[in-house]
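4 protein chains.
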Amino acid sequence: MRIDINADVGESYGLYKIGEDNELFQSITSANIACGFHAGDYNVMFSSVKLAAERGVAVGAHPGYQDIQGFGRRNIEMTPSEIYNCVVYQIGALKAFCDVNGISLQHVKPHGALYNKGASDAQTAKAIAEATYDAAPNAILFGLAGSQMLKQAKIAGLKTAAEAFADRCYTEDGYLTPRSNPQSVLTDRHLILEQVKNIVIHKKVRTLSGSWISLNAETICFHGDGENSAAITRFIRAELEKEGISVLSAGDMK
Amino acid sequence: MRIDINADVGESYGLYKIGEDNELFQSITSANIACGFHAGDYNVMFSSVKLAAERGVAVGAHPGYQDIQGFGRRNIEMTPSEIYNCVVYQIGALKAFCDVNGISLQHVKPHGALYNKGASDAQTAKAIAEATYDAAPNAILFGLAGSQMLKQAKIAGLKTAAEAFADRCYTEDGYLTPRSNPQSVLTDRHLILEQVKNIVIHKKVRTLSGSWISLNAETICFHGDGENSAAITRFIRAELEKEGISVLSAGDMK
Amino acid sequence: MRIDINADVGESYGLYKIGEDNELFQSITSANIACGFHAGDYNVMFSSVKLAAERGVAVGAHPGYQDIQGFGRRNIEMTPSEIYNCVVYQIGALKAFCDVNGISLQHVKPHGALYNKGASDAQTAKAIAEATYDAAPNAILFGLAGSQMLKQAKIAGLKTAAEAFADRCYTEDGYLTPRSNPQSVLTDRHLILEQVKNIVIHKKVRTLSGSWISLNAETICFHGDGENSAAITRFIRAELEKEGISVLSAGDMK
Amino acid sequence: MRIDINADVGESYGLYKIGEDNELFQSITSANIACGFHAGDYNVMFSSVKLAAERGVAVGAHPGYQDIQGFGRRNIEMTPSEIYNCVVYQIGALKAFCDVNGISLQHVKPHGALYNKGASDAQTAKAIAEATYDAAPNAILFGLAGSQMLKQAKIAGLKTAAEAFADRCYTEDGYLTPRSNPQSVLTDRHLILEQVKNIVIHKKVRTLSGSWISLNAETICFHGDGENSAAITRFIRAELEKEGISVLSAGDMK
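Protein chains in written order, with the numbering used here: chain A, 1 to 254; chain B, 1 to 254; chain C, 1 to 254; chain D, 1 to 254.
Just so you know, these hints were derived from the structure itself, not from any lab. You can trust all of the hints, since none of them are fake.
Identical copies go unnamed one by one, so any copy, or any two together, can satisfy a pair.
List time: in silico SDA-like cross-link candidates among lysine to any residue, alpha-carbon distance up to 25 Å:
1. Lys151 - Asp173
2. Lys17 - Leu51
3. Lys50 - Thr79
4. Lys17 - Asn228
This is chain A alone, in the form it adopts within the complex:
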């Protein structure tokens, strides 16, 4: 049994610091690096990719809406072709930092509101998938397990990795409970561990309403911006390894 552990990193901006990237890099196998649209800037991107390369963590582009103030978490009305262009741009920018650091781009994972829109809206998913295929045909697209995103990625000819969330509460439809809901994020490490084990070992997750849904995940997302996020991720990884589960990057599985 094996799983990839990913986290959003490189989300600092100028003087503004967010996340515990340095510590997180000790526990994750795939790094979703912000591309300067919803977070990050060219300096942060350079140092994040460099750090990932040094630590042997696989690198992915993490494109989002162009909205630093909103951290990419609010919808901005865009046509599919605008989304396509916006994703091509960000993948290209991040790929250049992979090039200058001598590594390959492993994956692409949309961020925040774009991730959620791509999960449910076929047109958005198609635009993201085609942008990824055209700009980085060998990249693995990370998308919510069971989502439009994965469906469209496969149609576009991409490799995919179905993603689950360690600390996000699920709706019965398999979507993430919106952050506006106070119960949307788990903070207790034991509850998080339980959810992760259910996902990795039993391929299921308990929803907000208490029911169980099945879930096939190849990569699990840990949030990089929460409190103690690095410590929790380290704890969970160690627990998984105690169970004999191999933690390795999505690219190493394909």
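Since the structure of chain A is already known, use the hints to place chains B, C and D on it.
Here is chains B, C and D on its own, set in the frame of chain A:
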């Protein structure tokens, strides 16, 4: 005898239109396409690269300071490593639009204040040259004839094209007269033609003070944002061809 | 019979020029000046307010979503308190330019997507109305005739002016036909004149489906960014005055 | 003997948090609130002004260059009239938040690179002073003791407060040692206390080279973004009060 004709294009932004790109593409052989920092956005980039590809015009990245309001024409204090990162980012973004349109990136030409700083400041020139080499080792770096930019590009291992300006008045040191000087830009097509012929045929240019300096240029820049810029460029190209001068892209000469 | 003629002006940005403000100022009585969020910048604001003051045109703040690339025409998810803050900010900024030019702020008119959201959504309308009342209690709020915006403005204690659009096609519900509809904007000056006369004289307007709805407008908006917009506005104003209709600013009527 | 204690606050941006504003408000008498250009946004401005009002801390506008990524700490080439417009805009925006919170704007203090440029460059200082006078004639302009800023503020007709810095090392000319110098910022609370006491009680300060220069300050700046800044400020204020020095806002002294 041969020369490349280049122009800055793709400088529109959202609803804001600037330049006569569609007409210019009939006369130029190399297009410097803004990368969303000083002008342009991902939608403009996509359509500009596509148009260039359709017209057979070679495409270059045109990185500038991140300053839409100032159109990249004002200096922003940045360290060499910040400039390096900023140029890597923009080259990567533009290159992705080349990829999705099935063409190669021919060249890189810094824009505005960054161009001028790179012309005279060795540290800046070195940062731009290394960024270009690391992100696009096969790209030709366009720089002011006789400048630090070209010197550092050669040290970095890049192909280069020495550039002259069709309508900009030169100082005795071979720099461009600052735009703040009312005589900095030629607008009469016959004066522009005379300057271009002097540069291409006689390899010299008259300076603001009336003296002559020698100038070896492989590419000539026509401004895309002036009045009648497309008509002037078409006129000059036709006149050059009447003189038996071949107009072809820098990449086709190398 | 009397009417106010307003137009969106001050929408240039840095080197990017849009609109025929100088000509428009000869025909309009109220100027909606962009506040640097969806268009305009501090330099454009200064010169626009100064020009309005010199020409005796009444000045209003024209707040929009913070989105130069989208020109304020696309929705951005914001809570009512964020909208409140965003409108307070923009009114304050514009008011300062009124102060330094020695004039009063006559009115506030939301822009684009914010205008449309405020027309139909009570929470948004309430946030805009309260922001206006708190930041500029004497300002007249311009809102779509029959809209939530006007209703909430009255509840907040503001003076209001019901607005109609000279060249926008109406739905049967009295909203504006979305710009995505190719018939949403009238361009023939005679059709525009006919619509304006119907609104001003007969207090009704023909909808897209051909039916008539009644409409009570105190101010009519002419678009500043269309082709020949200044010429059309001048033409319509002259025609209205031939009919004996007084064209004067909303503030002069109250 | 009396002194005003000021600090830069309201410098968070969207999800990005910086500074210990809540704690700082217990020790400072004047708050310099970022205006959304170098830091802060409309939401942060609202809550910062509200918090200051509740705590009885006097509020000032803290205008800077429009550069969130650079935190207003790098020079951007601007003409005096552009600086004038940029400062008018920011003062207006902040003043609106004072209006909606029912308080007056006490002062204006330029930020970072704009502060430093205004300290030594007469044209910049004049532009800032005139913008302040025109937009907020009753505001007190805070400027470096002995600077062009204060000189031009007096010429413009403004009240002024000469400012000293608790933790910044001085050059022999009375300017701040640039942040690029590793010794530019004092971090030991006892060294800071010593510098503050020298300034407040003895009206002098020791420079980087060890010499003493005289300094007449009416307000002392404590940095809000350093480590333990709130604790250090509280400590120093308590020590000053033990010495019988009254700590009260600049406006209360005038």
